[in-house]
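A.B. asks: Going down the list, the sequences are from chains A and B.
Every letter in the first sequence is one number past the one before it in UniProt numbering, and letter 386, counting from 1, is 386.
Every letter in the second sequence is one number past the one before it in UniProt numbering, and letter 28, counting from 1, is 28.
There could be a bad hint or two in this list.
Pairs involving identical chains hold if they fit within one copy or between any two copies, as the list cannot separate such chains.
[Stated by the list, open to error] Within a straight-line C-alpha distance of at most 25 Å, the following computed SDA-like cross-link-like pairs (lysine to any residue) qualify:
(1) Lys154 / Ser29
(2) Lys31 / Ala291
(3) Lys154 / Lys242
(4) Lys27 / Thr326
What the hints contain is simulated information worked out from the structure, not anything from laboratory work.
Protein chains: 2
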Amino acid sequence: MKDTIQVGLLGLGTVGTGVIEILHNNKESIKHKTGCEVKVKKALVHDLHKDRNLPGDSVELTDKYEDITDDPEIDVIVEVMGGVEHTLNVLLGAIENKKHIVSANKDLVAEHGEALFDAAVRNQTDLYYEASVAGGIPIIRSIVDGLSSDNIRKMMGIVNGTTNYILTKMSQDGSDFDEVLKEAQELGFAEADPTADVDGLDAARKMTILSILGFSMPTRLEDVKLKGIRGMSTADIDYADKLGYAIKLIGIAEHDEEGISLSVEPSLLPKSHPLSNVNDEYNAVYVYGDAVGETMFYGPGAGKGPTATAIVSDLIAVVKNIQLGTTGNNYVHPQHDRKLKSKADTYTKKYIRLHVLDQPGILMELTRVFAEKDISFDQIIQQPADSHEERELMMVTHSVNEEAFESAMEALEQLPSVRSVDSVFRVEGGDN
Amino acid sequence: MKDTIQVGLLGLGTVGTGVIEILHNNKESIKHKTGCEVKVKKALVHDLHKDRNLPGDSVELTDKYEDITDDPEIDVIVEVMGGVEHTLNVLLGAIENKKHIVSANKDLVAEHGEALFDAAVRNQTDLYYEASVAGGIPIIRSIVDGLSSDNIRKMMGIVNGTTNYILTKMSQDGSDFDEVLKEAQELGFAEADPTADVDGLDAARKMTILSILGFSMPTRLEDVKLKGIRGMSTADIDYADKLGYAIKLIGIAEHDEEGISLSVEPSLLPKSHPLSNVNDEYNAVYVYGDAVGETMFYGPGAGKGPTATAIVSDLIAVVKNIQLGTTGNNYVHPQHDRKLKSKADTYTKKYIRLHVLDQPGILMELTRVFAEKDISFDQIIQQPADSHEERELMMVTHSVNEEAFESAMEALEQLPSVRSVDSVFRVEGGDN
């Protein structure tokens with residue numbers, strides 16, 4: 001066993017600096033846990049001359065990544081520089097040099113996970129990426145360690161703080177989407193360009209990584225059925241409330257004999273469901289396992305402290321593996337082949353809001369269209385619309401087949417009495 | 001490093017059998033993680049002749065614990081036999097023989113933790129007890145591993161399934177305490193003798209263990225301020241609901257410069273607080289750390305699957321430590337001396353329900369008693385009582401000093417206009 005494990009740091013921004021600080025502040029405790037010293041030897045930076053004020057032993061700075069990935073004394077590379085294509089090439093090269101990798105880069109892992117896993121398996125190296133999802137929630141460590149002897153069936157997550165903040169404020173204050181988004185940008189809860197958050201891409205990346213780990217299957221970002229919250233109407237939030245639900249942007253990863261299904265979409269959750277009470281910028285992941293039943297992990301989704309903590313936790317795991325001679329094992333690399341579930345095998349509940357003409361027999365006409373596709377309803381609310389000739393309808397179905405539902409909705413839109421289909425959302429977390 | 005680590009099992013009931021099953025079913029994955037084989041060599045049983053049908057390699061059965069604790073080939077002892085005084089002696093003997101211990105025995109750890117920790121430290125052995133608290137929630141592993149580089153300030157837990165089930169049903173159905181307790185006993189959610197659950201002792205044991213681990217301080221069961229839910233009134237549950245709160249049996253462990261405070265008592269939680277929506281027999285622990293902020297872990301509190309899973313997870317940690325040469329380190333043995341906070345340093349919000357005479361000036365008289373002790377109110381509800389001469393009052397204070405509150409309550413009970421003080425509960429989880 002080694003006395004010292006040397007680490008190379010790709011990137012030295014806030015998170016990278018946080019990693020050095022934690023390693024320094026917890027030097028003794030890390031030695032106790034791993035039986036050796038963990039030392040950052042080199043760090044990749046843009047500007048070699050910037051004043052950095054790092055604690056502890058001096059770290060060699062370089063602006064050439066090869067100085068780090070080719071250094072035979074470095075065992076583990078911590079990647080906190082971000083970026084996708086260039087970073088992928090740098091890490092693939094490092095893996096060929098038998099370096100173990102810890103990465104906090106969710107874009108990279110969600111988009112190029114398979115290439116990285118393949119390289120790591122071929123080279124028998126470790127590849128850890130807990131920090132890439134929900135930094136403050138020790139969810140991945142829990143799935144991989146705590147629930148590793150269980151069979152995970154379903155994961156439901158509120159994994160994007162920005163959208164959860166927006167939906168919480170819309171629900172609490174009754175303000176409309178654009179107004180709340182602007183406020184969130186002013187408060188720093190939303191980026192100037194909020195696209196990746198608001199349209200669900202960030203959540204989709206995190207759900208991809210959660211499903212890779214939870215189901216041990218190399219799922220891809222493109223497997224995620226994706227719908228964001230842009231233009232979400234306060235009307236739906238109010239009606240959902242009346243029906244006993246909260247609307248949240250929920251990522252759902254399910255696994256059964258037919259394969260897996262992955263989605264990120266605004267969904268109605270019963271108010272009694274623990275996820276429906278996760279508010280503001282908080283994140284949470286609900287996990288259903290055969291042995292453990294239902295478990296939920298709740299915490300802040302991001303931030304320097306949580307992310308750096310998660311990286312160091314991954315780093316300690318890698319160092320332990322090096323000392324135990326168990327690197328490159330199957331627990332962070334997917335064990336199963338990717339198998340997706342077809343629409344024909346997928347069943348969910350749906351919420352629909354629509355405007356219809358105020359004429360006798362309308363409701364019968366509507367329900368007949370659904371009945372023909374074997375779709376029945378759990379709740380229906382009918383009420384006058386703003387216009388006198390129209391009525392507004394909110395309907396919640398029982399569990400329906402995804403294909404049948406789509407074809408019923410097509411038939412519905414053909415009906416002359418249907419003025420507009422305003423919203424269609426998934427309903428989750430209750431009985432079907 | 002060893003090829004095989006041999007384990008001795010003290011007890012072979014449902015949980016012990018579950019441990020053997022998990023070790024057998026996950027043989028390969030455990031080898032991948034630890035670099036060696038983990039094998040149960042011997043098990044202690046009452047009846048040597050009972051048919052057991054265990055999977056995997058044959059396990060030697062014995063009815064003499066010394067056969068296990070004195071066996072030089074056995075490295076780790078898993079204790080799942082329960083009991084306190086006798087079990088303590090058996091484990092202390094085993095520790096003197098340099099055996100590492102994994103125990104699921106919360107009564108033992110809560111009552112005799114210090115003796116066990118001292119012996120383990122002296123003998124440089126490991127002592128793991130995650131499974132003793134909230135089996136299904138990987139909370140202890142998360143605190144010890146995931147949050148080990150953080151400074152934990154406060155833990156709030158719903159850690160007893162029976163009482164949470166009773167309070168949930170009382171709140172949802174409006175049934176009274178005795179009725180729901182009887183129903184819970186019939187459904188198997190409460191023991192025939194429900195004392196340890198209903199009076200809060202079970203929750204107090206778990207909070208003691210959580211605070212030992214979270215604060216790394218050898219706290220004792222006797223340090224817990226304890227009040228159960230026996231005789232809880234539906235009136236309080238209803239009033240709390242009107243004021244925007246749920247009543248839960250909450251264990252609270254707090255740590256600041258003055259020391260720690262530990263309590264288990266029925267408390268009012270704002271409905272917006274994630275813990276207030278933990279219902280039925282579920283458990284949850286809310287943790288506040290300096291770096292991570294707020295995190296919550298939610299899951300089933302008990303059961304064969306969760307408990308055996310937690311034990312195997314502890315066992316894997318011990319085996320890794322043996323291989324790394326890092327057993328007997330400080331992370332499961334308390335690092336700090338026990339230091340309790342005095343009442344004079346403790347501040348909480350309170351809910352009071354009382355009956356007063358229906359006379360002018362009563363409210364002024366009451367609030368004067370409190371104002372003299374610097375206690376002011378956040379919410380007051382006054383309404384007619386069943387008797388025409390009386391009124392019922394519900395009051396929620398701002399944060400108050402514990403000593404000042406006690407002396408105000410004494411003064412209050414002296415007032416001729418106060419007919420009865422019906423309930424006093426802690427209020428938690430909101431702003432002070």
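A.B. asks: Would you mind marking each hint as holding or not holding in the structure?
C.D. replies: Evaluated hints:
1. Only between protomers do Lys154 and Ser29 lie at most 25 Å apart by alpha-carbon distance; the minimum there is 22 Å, versus 35 Å within a single protomer.
2. Taking CA atoms no more than 25 Å apart as the test, Lys31 paired with Ala291 passes between copies only; the shortest distance there is 21 Å, against 34 Å inside one copy.
3. For the homomeric pair Lys154 and Lys242, neither the shortest alpha-carbon distance inside one copy (28 Å) nor that between copies (36 Å) is at most 25 Å.
4. Proximity of Lys27 to Thr326 under the C-alpha cut-off of 25 Å is found in both arrangements, the shortest distances being 23 Å within a copy and 15 Å between copies.
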